[in-house]
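So the sequences go chain by chain: E, U and G. Converting from the first sequence to the working numbering requires adding 3 to each position, the first position being numbered 1. Converting from the second sequence to the working numbering requires adding 2 to each position, the first position being numbered 1. Converting from the third sequence to the working numbering requires adding 200 to each position, the first position being numbered 1.
For the record, the hints were derived by calculation from the structure and aren't laboratory data. Treat the numbers as computed from the prediction; the structure is a model and nothing was measured.
Cβ-to-Cβ under 7 angstroms is the rule here; a few derived chain E residues that face chain U:
1. 58
2. 92
3. 93
4. 98
5. 100
Just so it is clear, CB atoms sit at the ideal spot from N, CA and C, and this is done for glycine as well.
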Amino acid sequence: MTFEPNILAFCCNWCSYAAADLAGIGRMDQPTNIKIVRVMCSGRVKPEFVIKALSDGVDGVLILGCHIGDCHYVTGNHRTMKRFQVLERLLEHIGIDPRRIRLDWASAAEAEPFSNMIREFTEQIRELGPNPYAGSYA
Amino acid sequence: MLVLMLEDIRKLVKRTLDGGKVDGVLALWRENGRVGPHLFVKGDDVSTLEIDPKYNLAAVAILALASGAKKIALIGRGCDERALVELFKRYQIDEDAIEFIGMACSAEQAQACECDIPYPTKIQFGEKVDGVVPNELKNVDDMSLDERFAYWRDVFAKCIKCYGCKNACPVCVCQDCVLEDPMWVKKGEIPPEFPMFHLIRAYHMADRCVQCHECEEACPMDIPLTLLYRQLRQDMKDLFDYLPGASDAKPPLTTVLEDEKLEEGA
Amino acid sequence: MSYESVLTTCPYCGCGCQFYLQVVNGNIVGVVPDKTHPIAEGALCIKGWNAHVFVQREDRLHKPLIKENGEFREAEWDEALDLVAEKLGEIKEKHGPDALATLCSAKCTNEENYLLQKLTRATIGTNNVDHCARLCHASTVTGLAHAFGSGAMTNSVPEIDDSDVILITGSNTIEQHPLIGSRMVKARERGAKIILIDPRRVPMRLFSDLYLQFIPGTDVAWLNGMMHVILKEKLHDKKYIKERTEGFEAFEKVVKKYDPKTVEKICGIPANLLEEAARMFAKAERGSIFYSMGITQHITGTDNVKSVANLAMLTGNVGKRAAGVNPLRGQNNVQGACDMGALPNVYPGYQAVANEDAAKKFEKAWGTKLSREPGLTIVEISNAARKGDVKGMYIVGENPMISDPDIEHVRQGLEALDFLVVQDIFMTETAALADVVLPASSYAEKEGTFTATDRRVQRVRKAIEPVGESREDWKIVIDIAKRLGGKGCDFESPAEIMDELASLAPIYGGVSFDRLDAGEDLLWPVKEPGHAGTEFLHEGQFTRGKGVFSPIEFREADELPDKEYPYILTTGRLMFQYHTGTMTRRTPALESESPNPFVEVNPEDAKELGIKNGDWLEVSSRRGSIKIQSRVANIVGKGVVFIPFHYAEAAANVLTNPALDPDSKIPELKVCAVAMKPLPK
Chain E
4 MTFEPNILAF CCNWCSYAAA DLAGIGRMDQ PTNIKIVRVM CSGRVKPEFV
54 IKALSDGVDG VLILGCHIGD CHYVTGNHRT MKRFQVLERL LEHIGIDPRR
104 IRLDWASAAE AEPFSNMIRE FTEQIRELGP NPYAGSYA
Chain U
3 MLVLMLEDIR KLVKRTLDGG KVDGVLALWR ENGRVGPHLF VKGDDVSTLE
53 IDPKYNLAAV AILALASGAK KIALIGRGCD ERALVELFKR YQIDEDAIEF
103 IGMACSAEQA QACECDIPYP TKIQFGEKVD GVVPNELKNV DDMSLDERFA
153 YWRDVFAKCI KCYGCKNACP VCVCQDCVLE DPMWVKKGEI PPEFPMFHLI
203 RAYHMADRCV QCHECEEACP MDIPLTLLYR QLRQDMKDLF DYLPGASDAK
253 PPLTTVLEDE KLEEGA
Chain G
201 MSYESVLTTC PYCGCGCQFY LQVVNGNIVG VVPDKTHPIA EGALCIKGWN
251 AHVFVQREDR LHKPLIKENG EFREAEWDEA LDLVAEKLGE IKEKHGPDAL
301 ATLCSAKCTN EENYLLQKLT RATIGTNNVD HCARLCHAST VTGLAHAFGS
351 GAMTNSVPEI DDSDVILITG SNTIEQHPLI GSRMVKARER GAKIILIDPR
401 RVPMRLFSDL YLQFIPGTDV AWLNGMMHVI LKEKLHDKKY IKERTEGFEA
451 FEKVVKKYDP KTVEKICGIP ANLLEEAARM FAKAERGSIF YSMGITQHIT
501 GTDNVKSVAN LAMLTGNVGK RAAGVNPLRG QNNVQGACDM GALPNVYPGY
551 QAVANEDAAK KFEKAWGTKL SREPGLTIVE ISNAARKGDV KGMYIVGENP
601 MISDPDIEHV RQGLEALDFL VVQDIFMTET AALADVVLPA SSYAEKEGTF
651 TATDRRVQRV RKAIEPVGES REDWKIVIDI AKRLGGKGCD FESPAEIMDE
701 LASLAPIYGG VSFDRLDAGE DLLWPVKEPG HAGTEFLHEG QFTRGKGVFS
751 PIEFREADEL PDKEYPYILT TGRLMFQYHT GTMTRRTPAL ESESPNPFVE
801 VNPEDAKELG IKNGDWLEVS SRRGSIKIQS RVANIVGKGV VFIPFHYAEA
851 AANVLTNPAL DPDSKIPELK VCAVAMKPLP K
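Required output: the full structure, derived from the provided sequences and hints.
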């Protein structure tokens, strides 16, 4: 059986979710591996969300917000960006491939870049293979 | 040398108490054959004062002040000072309520803790010695990702969920701890889920760990927590030029991007 | 303005960790582990970290309660104490002293237990005094006293560091004795090997070099099997056996029958694994055995313990540093309560009541005539109460309505009493049945000593005044004794009580508060004031002279699974709860971890039953039934289920079998037959 990645994407209400919507309306060709969780702001995405997803067996996690400077809440995504940098390093310290997580920005109009991003990330996760980090102690 | 220093500290404590500017001096004492924290007050016998083993007194200072003391002196090491700085910053202790009396750790003490900064900024007793780099740090650095995952997975299998790391930590000050929220960590399971429990705690330590090693000393299983937290401290330095406990700068995970970083982010 | 840091001993398990209670203006707000303590070494388990939480809970008993027309009303101390004395006195007068019985408490201090058994023996005049040790290590006391002459851990906890092979059986050490479990895991990191032999895949499985799962109740068979292999492969310590033991020939004859293939059929342990375990243990330079309730709580409890002793002697592992036979005691002071003579057959220091010399010595010291007749044990007291032979009981800090087997019978017994007085810190299930409830004090409100599992006598210190109008237990016992006309109870302090005890119990001969307060580590026997105490027992020779091998045949459990009740139920505890939950269920950090009772079911059994994790089941035995949620996990083997006994709402002890080990009168809490029926969703 070929491996189909299971990917979780956190999209902010104001930009990236609208981009996803637009991509859908535009019937753009994109993989179906992504499950989207709509959040009001990428700043809502606590690192716990990402760690929990990986811990529960999700193969990759995307966090998509508004571009810096365009946040509906002005600085919500500033915090996301800082946290993400720390989280990436932390995963690496503990032996989890940081390429399984990605932070990016998409405006409400960027349907095509959104689509491309998803395609790229899905391929990247496909190459990395199934999440080996899940599961408790036997 | 150490004995002389101890005598000097006792004398200073007596003078401080007699001076009447503080309500008490928080330090260690020997009582019932054991050594533990004690708030010396005027009239106490200062000959019972000790400086070993290490107890982080910053967390105890919160309790001592909760009794209604207006100002206390604290005989502490570098890690006590760093913890105090974080506690001041996070509104847990009023800076004016503490008179810090700093001791530099000896080479042996620094080695015992594998401490990177075994001295406070303000040294009243002892002499500054070099920081120690733990051998294990290089070991984990040299591992592949998979090896490292296996290493930590094995190490954390020993966790018995005593929450000692959280309880002993002087800068873990949240009333409601995310580790106790069943949303994130399954209740009643030993060992707790890996990597959830430990990654969450590590993340929350990133901009606050002052490398006092209290968590590791409180761990009944000797899990090398400070190894992981030390790497995160370095990250904070690299990413945000910030070292917890070293300055009164705001913790970077609570602030917004500055102009320069804004460009980068965009 | 006051901040104090009070060094005391943890009130939970027998590890005996010490910590500093943090007291701010009369409120205990936290604990700081003692970094200089030999066991805690600056660490604690989750219960220790939360040991202060229940102390000042609002629902502590604050005033004495007297039951009138089925309802409790508050009373003043004098009224309550007078009533207690009057009723107990009346029963003694009318029906004789043996119509009364007391239960001491493994939670109370040594001094309190000493006083309570003295009250029972000297003032009331009966030996009907027992406590929950009957339910945990009664068979250890009889088994090891027979084999070695002393029924306690042969070695001290820090010696674990130097063991080569650690054999753990019937002990969920990581969950029940966390600071001993952690020590074992750390010893393994330094090269020791761990053999785990247990019906449940407990957390220690992650750190064991060999894990053997077996059917509950078949301990003697696999122990004999291991010894069979050791003898067959000539791995036994011939010199040791010759010089230090007796009874070897008869023992050898029995063990010959238990070849690994035969044992495999009885226990379900693959023959090759048993052989491997036997070799690993026999080849150890310092082999230590740790066990707990899994060995003791059987009708063959004493046999199991003797078999463990056989294995240790066969390999020359008793009377040696870092080796030995180590029963881990469950309660903070269950070792101490036994040492104090809170048992129906012995005075303090294990001096038999039936021994004329001992009886005379205590008669002289206590200035009164004493009964030579050993008293009744816990389950016997309960039976006697049902029959009307015991008419009055004084229960201190015990909760038999949760802890004892076959709760329905316990209830009938307690309800049949003419008078029941319960002394506790909370309104327990047992206290609810009392005629008078006396509000006692917790460990944080009094001075005294506890004796940890490794015979370590340690101080308990007062951090706050007793809450409300509650009083220290030792003071209450004195008040009752005086009202009953008791002599020799004019003690001003627990230190004075210890001095009297030390003068009468040779194993505590050199123990005093002064020595303990100077920081001395005293592990009994401490023969006299200058004696440093004893790290490990039986060095050079056994307490009884020579060690005795016992020929032990395997006997089946009292109640085996059958068509009607096809599963074996075994019971035990969890990391986050403690015993009957009186303290832990009032501690949010603990209760929130394990708030619900559950029955642990093997995945294969779950499949056959058609149930999923979390489904509700009715679990029944010949004695009763409970409704409980399932937890499907590969921890128990197929055909076995496990229920923790902490929970009143689904009490495992409604189901358990009160059949007794004939020697020690310990009930078979670890094996009974149950049926399971899924409940409609």
